[in-house]
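*Asks:* Each chain, letter by letter, is given below.
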Amino acid sequence: MVEERNKMKIAITGGKGGTGKSTIATALSYKLAKTKKVLLLDLDVDCPNDDLILGIKTEKVKDVESMIPKFDYKKCVKCGLCSKVCREHAIVFVKGNFPFVIPEQCIGCKACKIACPRNAIGERKQKIGEIFTSSEGKFTLISGKMRPGIEESSLVVNAVKKFSEQYEKNYDYVIIDTAAGTHCPVISALLGCDIAIGITEPTPLGEHDLGLILKLTKNLKIQTYVIINKSNMGNKKLIENLIRKCRTEIIAEIPYSKEIEKNYSAGKPVEHESINQIARKIEQLNLSVFRNKNFKV
Amino acid sequence: MKTITILSGKGGVGKSSFAASLSIVLAEKYKIVAADCDVDAPNLGLLLGIKKFKNLKRISTNYKAFINEKIVKCKNKNKLSDICAFHAITIEEGIPAINKFLCEGCGACKLLCPEGIELRKVKNAKILETSTKYGFYLVSGQLEIGESGSGKIVEVIKEKAKRIGEKIKADFIVIDSSAGIGCQVIASVRESDFVVGITEPTPSGLNDLRRALSVVEHFKIPSGLVINKFDMNKTFTKKIERFAKEKNISILGKIPYDIRFVEALVNLTPLILYAKEYQNLFNKIKDNILSIL
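Protein chains in written order, with my numbering: chain A, 1 to 297; chain B, 1 to 293.
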């Protein structure tokens, strides 16, 4: 039996889009994987790009499916209760007609099935996404990809998290790349992480959105550090003031450089002294300190 | 009244900056209403010079489930954890508990235990209607921290923008949507008359744009592209142009990389007012949009 490793789960997040979450998540994973076993989860299921940034080929391993109602019109008495209990308005019911479902709007909650007095609703599956993996040496990538047109990204995030659970025990680090924003798919990705790193840029927009993510991680009781990307472009004081107010710490600053941009555009992981610095900082963190404080899920 | 929605898939490619400048050039000739439909991380207000968000109205588009003491009598209580599609219910020592951060308020659990579970409306967002110093109205929203239901909040913002638009007899509603392709983007795109896809010449930029446009295609809405920072990687810009040609989507304009974009952001000034030489380019983009609309 493989000995369970004391893995550390680190979320890379930040609120604002395009601040460098995926670039840093991939670069950091690449760096850590030189000595430790690293699992990178791309949970930006709307727009997963970690494979592109690393320039690696992934293989599809699984479909993500969600339940949608299957009506048995022989049993249905056209009472319309299924439509009434559906808070997503995914079931259309016009008096005198059989109900039907709009698949893209269905979140698979099964409320209709439970509510149906005639047992006329069964289950069928709809594909809402796919899971891809790629592995090389000490590094593994698992990415979730939502099917365009589906609204509920967090269903795919949760499915990828569940899928990866079985493998996590074999790794020293699990790095989680979240989507932009602060809503459900980001919350789902953050839950269960030991620490989070908020990536921001020194603009008022970066500051504003980082402020939101720091509030969110505070509510979720996840210790969050900050990295200022493109630190030489804009006004760093904005971020420094926010950091002081939120009592956290800036663990690295990454200046804008043509070199980084070039690697990024070419689909190569970024190697930079600032990434090494982040890796060192992470290696020094004492996991037990966070574990005791964190929210149990 | 026509609705123009700006999206990109990938975050940080310049949606809000573009939306602010486009709104300003449109407002020179037309009556418009701007709507910030990125309710997770709303930035359009900041760019339009609104420093203090006053007169916020708290709204509720969502429910959450709460457990009460009658739950012990519910004979279905052990099934609750399995029924919850969002893994929000755990059962500890025979008593169910709900993780409020994961609850989507679908109400499936209440159907199993009608007495022991209450569904309560939660105030999940703040909405702001305000005039801007550029002579048009802005409707903006902010998801409350840790809440869900962003798609429905977008619908409320759109409805408000539409109502203001009807009142002032607006010609256009300009929607700045969020990153990604999920509920907020779908709610933004739905019923739009035209979509502007904005992208940058990087592998992620094109990949995410493709995904976002597949959502637009689903609704059969005409669209056009803007390539931001097009001179950063000309080979990739060519790739995007080829993609546009294949898809029969017109390129509305190409914006060069300019450090003054960042300076404009830091100064919270819309680009075309900070760097006036871009007014021609934005006017041209506007004309290109109007010629298709």
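No lab work stands behind these hints: they were computed from the structure.
Please read these numbers as outputs of a predicted model, since none were measured by experiment.
Yeah, the Cβ is synthetic: ideal placement off N, Cα and C, and Gly gets one too.
A few of these clues could be false.
Dumping the calculated SDA-like pairs for lysine to any residue here, alpha-carbon to alpha-carbon at most 20 Å [unchecked claim]:
(1) B:Lys245 - B:Ser214
(2) A:Lys218 - B:Lys100
(3) A:Lys268 - B:Lys234
(4) B:Lys239 - A:Ser265
(5) B:Lys31 - B:Ile164
(6) A:Lys221 - B:Leu102
(7) B:Lys254 - B:Leu290
(8) B:Lys79 - B:Glu93
(9) A:Lys161 - B:Val72
(10) B:Lys234 - A:Gly267
(11) A:Lys74 - A:Phe93
(12) A:Lys57 - B:Asn207
(13) A:Lys215 - B:Arg58
(14) B:Lys70 - B:Ile95
Cβ pair distances, simulated, as ranges [claimed, not checked]:
(15) A:Tyr167 - B:His218: 40 to 50 Å
(16) A:His89 - B:Asp171: 52 to 62 Å
(17) A:Arg280 - B:Lys167: 21 to 31 Å
*Asks:* Now look at each hint and say whether the structure bears it out.
*Replies:* Against the structure, the hints:
1. B:Lys245 - B:Ser214: holds, 15 Å
2. A:Lys218 - B:Lys100: Holds, at about 15 Å.
3. A:Lys268 - B:Lys234: This hinted pair holds, its Cα atoms lying about 18 Å apart.
4. B:Lys239 - A:Ser265: Holds, because 13 Å separates the two Cα atoms, which is no more than 20 Å.
5. B:Lys31 - B:Ile164: holds, 11 Å
6. A:Lys221 - B:Leu102: Holds, because 15 Å separates the two Cα atoms, which is no more than 20 Å.
7. B:Lys254 - B:Leu290: holds, 17 Å
8. B:Lys79 - B:Glu93: holds, 14 Å
9. A:Lys161 - B:Val72: violated, 31 Å
10. B:Lys234 - A:Gly267: It holds: about 15 Å lies between the C-alpha atoms, which stays within 20 Å.
11. A:Lys74 - A:Phe93: holds, 16 Å
12. A:Lys57 - B:Asn207: Holds - the C-alpha atoms of Asn207 (chain B) and Lys57 (chain A) are around 15 Å apart, at most 20 Å.
13. A:Lys215 - B:Arg58: Distance of about 18 Å is within 20 Å: holds.
14. B:Lys70 - B:Ile95: holds, 11 Å
15. A:Tyr167 - B:His218: 40 to 50 Å: For His218 (chain B) against Tyr167 (chain A), whose Cβ atoms are near 34 Å apart, the range 40 to 50 Å is violated.
16. A:His89 - B:Asp171: 52 to 62 Å: At roughly 30 Å between Cβ atoms, Asp171 (chain B) and His89 (chain A) fall outside 52 to 62 Å, so the hint is violated.
17. A:Arg280 - B:Lys167: 21 to 31 Å: Given a distance of about 59 Å, which is not inside 21 to 31 Å, the answer is violated.
Checked against the numbered hints listed earlier, the structure breaks hints 9, 15, 16 and 17; every other hint is satisfied.
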